[in-house]
Structures are given as C-alpha cells and as structure tokens.
Amino acid sequence: MYVAVKGGERAIDAAHAWLAEERRGDLAIAELSIAQIREQLALAVNRVMAEGSLYDPDLAALAIKQARGDLIEAVFLIRAYRTTLPRFTASTPVDTASMTVDRRVSATFKDLPGGQILGPTFDYTHRLLDFALMAEGEAPAAPRSPAIGEAVPHVTELLDQDGLIEAEPFSDLTPRDLTREPLELPADRALRLQALARADEGFTLALAYSTQRGYGRTHAFVGELRIGRVAVEVELPELGFAVEIGEIELTECESVNQFKGSKIEPPQFTRGYGLVLGQSERKSISMSLVDRALRWKELGEDNIGAPAQDEEFVLSHCDNIQATGFLEHIKLPHYVDFQAELELVRRLRAEAIAAQKPEDAA
Amino acid sequence: MSQMQNSPDTVALADPAQAARQEWMAVLAKASPARLAELLPKLPAHELLRAPEIGAVMVRGRVGGTGAPFNLGEMTVTRCSVKLAAGSVGHAFVQGRDKSHALRAALLDAMLQATGAAALEAEVLAPLRQEAKARRDLRAEKAAATRVEFFTLMRGEDK
Chain A
1 MYVAVKGGER AIDAAHAWLA EERRGDLAIA ELSIAQIREQ LALAVNRVMA EGSLYDPDLA
61 ALAIKQARGD LIEAVFLIRA YRTTLPRFTA STPVDTASMT VDRRVSATFK DLPGGQILGP
121 TFDYTHRLLD FALMAEGEAP AAPRSPAIGE AVPHVTELLD QDGLIEAEPF SDLTPRDLTR
181 EPLELPADRA LRLQALARAD EGFTLALAYS TQRGYGRTHA FVGELRIGRV AVEVELPELG
241 FAVEIGEIEL TECESVNQFK GSKIEPPQFT RGYGLVLGQS ERKSISMSLV DRALRWKELG
301 EDNIGAPAQD EEFVLSHCDN IQATGFLEHI KLPHYVDFQA ELELVRRLRA EAIAAQKPED
361 AA
Chain B
1 MSQMQNSPDT VALADPAQAA RQEWMAVLAK ASPARLAELL PKLPAHELLR APEIGAVMVR
61 GRVGGTGAPF NLGEMTVTRC SVKLAAGSVG HAFVQGRDKS HALRAALLDA MLQATGAAAL
121 EAEVLAPLRQ EAKARRDLRA EKAAATRVEF FTLMRGEDK
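Those sequence lines, one after another, are chains A and B.
Here our numbering is used: the first residue of the first sequence is 1, the next is one more, and so on.
Here our numbering is used: the first residue of the second sequence is 1, the next is one more, and so on.
Any given hint could be a false lead.
[To be verified] Using 30 Å as the maximum straight-line C-alpha spacing, the simulated BS3-like pairs for lysine-lysine come out as follows:
1. Lys99/B to Lys65/A
2. Lys30/B to Lys65/A
3. Lys110/A to Lys142/B
What the hints contain is simulated information worked out from the structure, not anything from laboratory work.
Note that the coordinates shown come from a computational prediction; the quantities given were computed from them, not determined experimentally.
Isolated chain B (complex conformation):
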C-alpha cells in the first residue's frame, strides 16, 4: 500500500499539495537539529496542540526484502503538533530525541502551509535540501571510488 502511495507519480497525480508537504516534512525530519535552530532562530507565536513527546517507532522490514513484514527493531522519535496564531496547524514526527527539533519542524510545517511561504522555502528548505544533497553526493562519490572494475588477464596461450 505504502509503495503505491509513495511512488512519486501517483502522489503527484493524487494531490500536489500533499506531495509538497510530504517532501518538506521529510526534509525537516532529516535536518540536523542544530542547523534547523540556525535557520529558524526565532519561534513564531503558537499554541502547543501536543507538546514535544519522545517515544519509539517499531521499524519493519520485509522477509527477503520483498515478502511479508517483520519487526526489525525500534528507533527513537519525537513528535509535536502546533497551531499558529493565524490558525494553521503543523505536525512533526522526527527521528531522535531532540524536542526543539520536533517543535521547529512542526512550526515550519504550519508556516509552510500558510500563504507567503516562498521566503521560508528559500531561506530554510532550499539550504537544507542542498546540504542533504551534498552529504549524499559525497558518500556516493566515496562509494563510487570503491567500485570494482573487473578486467580479464590475457592468458599466455591466447597470444
């Protein structure tokens, strides 16, 4: 079900606003808490619908990578829900135990849904995306350097 739901094509067809929101929630969840605090130093006025709370998510895998689900182990997560003065509601569900991370991610989720989010898009999301891509590319380049290029030795009798 989730595979269907989250393939980029079906999501875009289903609801572009939802797809955009899924993308920024992922970017915010994966941001480092310290970097997020740098990019959003001041918190807007808000009401806590659910104060940041630390808990666990059971991570599942599939037998053989593609078969039936099984419980692999848990990970720590922090969740938070907020409401801005203007009424927009934001949610966050982020890896780790950093309450300020979850709070900022929820606030940004709410702020990005409001009108006039283009500035936030440029000031917060764009650098986070770019930095995440740079980290990913760096590892991919190191991995590429360890890729084996096989060649076959010419045997004496083949001359």
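Just chain A, same shape as in the assembly:
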C-alpha cells in the first residue's frame, strides 16, 4: 500500500529561509556582488559555464552566489535555466585557428610560428600563499610589449604538412546533439566530444590521469594548448548571410600521441582533442587524453579493458548533474521502499531462525 505523507511544508520553508540567511553570512561583512564573482572568481565562473554548458558569465556568477560556492549546485542551476531558453539556431563551427590568443604553448616544439605565449598562468608560480592578497593593496599591473600581430597556426597543421600526423577529415555533417536526443551507443567522435566538453572536470581529470599511469596508455604530448577569444557567427535566414553575434573565450588542447601504425596506416602521430567553454586548461588537456583513449577501436588498437577506453562507462558517468542527481536522491524519503525491505529482512530472519531450530534439536 502506498501512503502519501504530508506535513513537511513548514519545515521546508524554514529550511530554505535559513539557507538564505546562511548564504548571506555575517552581516558585518560586505555582501558579494555578481560582478565581483564574475571578475575575481573568473575560473570558477568558467567551470560553471563549461559544465553547465551555457556561456553567460553573469548567470554563472549568479549561480555561484546562489549555490554558496558549491560549483556542482551552480552547474545544476545553469542546466535548469538553459532548458527554459528557446534554441534559436546553431552557430557555424568556430575557427580556433584564428583565435585571439592570450596564451599559447606547445610542449612539442620550442620554436614555432606565433611563439610560446605564457599568458596569465599559474605555471611557474611557487604555490606559496600570498598573504599580500589578505590586505588591500595597489591594483597590480601587467607589463606590455609591442604586439607584432603574427599569425598563430595550429601545431598539428605543421605536422600535417609533412604527413606525420593522421589527417582530420573535414565535413559539414550536422552533429548529433545529446541535449536533444538520448545518448545512444556507440557514439561517434562528435557526440563523445560534446559529452566530454560538459563533463565533470574531476572525473575527466581522473580518467586522463589513469591513462597516463597505464590504464589505456596513449603516450600523449601537449602538441598545443591555447586560450583566447573566438568570434561566434550564425547564419540568419532572414538576411541570407552569416553575422558575428559575439565573442567567447575558449580553451583548446591538441594532444599528439604515439601510434606505431596498423594494418592500414603507416606509423604516424595521432590526435586527441579538447575544447572547453571559458578558460579551463586542466579540463581541456584531460578531455584530449580521454578523447584519444576512446578512439582505440577506430585506430585498430587493443582494448585492454581500461576505464578510459570504455565509451559506455565514460559517457554514462561523466555528467556531474546526472551523477549527483541519482546519488543525492537516495537521501530523500524512501520510507515505503525501506518498509518493504524491512518486512523482507524480518521474514527471512524468521525463516532462517525457524530452519535452524530442528538442527539444534537433532
């Protein structure tokens, strides 16, 4: 028998009111503004945009404030919001080769066209807490040098010219969209990349790390990592041509991987690809390693049973909203389910005890 239970409403209202009060914290401390979060916690904002799969820094900052800094809760808020938006259209694919780069480094070539540009990086910092940030100080200023406006071609393009890396077949096929149709396996590479682009950073990092430690090793080099802005363009049917509608920041990683060749391919390098909304280099490097590991079948490699090679495992578990939704729902009332379990265990115990008694007597 299913019994609906009421009576939690007043408690829920009080809990939410207390949540709002706790969110605000000590009233003697100035309240955070959305603009402060957007400007000063930019990497948290970027992570929420990437995993929320919606580029809007103000909304991501609002979500972080509302979620009290719980980034997965903030991603949840963004995902919920984006379902309310009408989808007008899809952009023409962004051209990352013409990205205005803030950062561009290659671990494979020292000297390359466009140069190594470090950008505003944590690399080479000593990871010592900077107590100066606890005090109000003068605004820091970055040095400037004349910009020469040199083109910054993709590193893989250089390898491609010599035929040393697998070709990336061009097409204009409309990709499958996992926000519009349920995920069906096997997934093609485009669908895998969509899933990975919005995947949880921690999960993607752990999988990528597992490939480095030997669970589906692909010997990845970071051929190139770039962070910067690209123009987004859409075709407007009422005009009959494409227009730029804005600019977004992206992080792109192209990994270059060893490949000893197969029955049909000569020895050459192969590719892994990572592209993430916002500035998120850990995520984009991880994504490119996981992308490469998932490609074992099309490259004729062995499946050694590593988690990162298992498309169903990776794609079914990489989404932190699906994961946390299913995980956290078990804390909600399951009184009826549990009552049934309780009845069952009591009956089994009674039967087991009853069955034991004749043996004791014998």
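Following the hints, position chain B against chain A.
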C-alpha cells in the same frame, strides 16, 4: 561553407553592401550595452517586427579544430527585428540577455541602411570600432610581454 563565405575577399567581391552590413552588425553585437545606450540615447520611432527575445545558440566546434562539427555548448543571445517609420528594416542577434542591446542594435542596423548614415557611422560605429581595437590591442600587448624569447646557454667546452 561559412569559411568561404566570410573570407574578406570573397565577401567584398560578392557584395560590398552586404560586407559593410556584416561588419557593422558585428560591431554592434560586440558593443557593451551600456556604451551603446550612451551613443544612442534616443530611440527613433519604430515598429517592432519581433520584440527582443532571449534564447540560446548552440555553439559548434570542429573535431581537431578542422574536422567534423560537434556541439560544444550553448550561449545566451537576444534577437530583435524592427521597422523604422521610413520603412527600413533592421535585425539584431547579439550575445547575452540585454533586451535594450538587441533593440538598439536592430534600430542602428535599420538606420545605417537608410541614406544619410554617414553621421551615425562617425558618431556610433567609429568610436565602437576604436574602443574594441583598443581593448584588443591592450590584451595583445600583455600577451606579447609573456612571449618566451629562448636563448641557448653557451656550454663550457664550446669556448
């Protein structure tokens, strides 16, 4: 297709009026809403063909940067279409959720197509272009300062 269509040469050859319109629509879309409101404080009489509407665009990338398209994630956008009293029609499709931004961009798109747009060109587009360039240059100069200039250390035995 889009790459062909939007390379500056082919566009200029195809239709200079279209190329000019694409350029100003891009400038208006990328302007900050507050700055646009400063530059166009008064709105001309108009009819809303499509009131400002907030929605999303699915941004696509290409596998490996150059291969097949894939869905990267969405971005918020606002679109609007207007008709001026004189009959000219303007469209806007701009990043973000600012309805006044989309409305002003659509109005300016219509006004710039009408004759006598030289004043608007100087008063609105020129400062927006200049400010966008200044922002871009500033970041490019900061990036240039972080460019690594490698040099090879002379080794002892090479003397």
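Each hint, compared with the structure:
no. : hint                 : verdict
1   : Lys99/B to Lys65/A   : holds (24 Å)
2   : Lys30/B to Lys65/A   : holds (26 Å)
3   : Lys110/A to Lys142/B : holds (21 Å)
Of the numbered hints given earlier, the model fails none.
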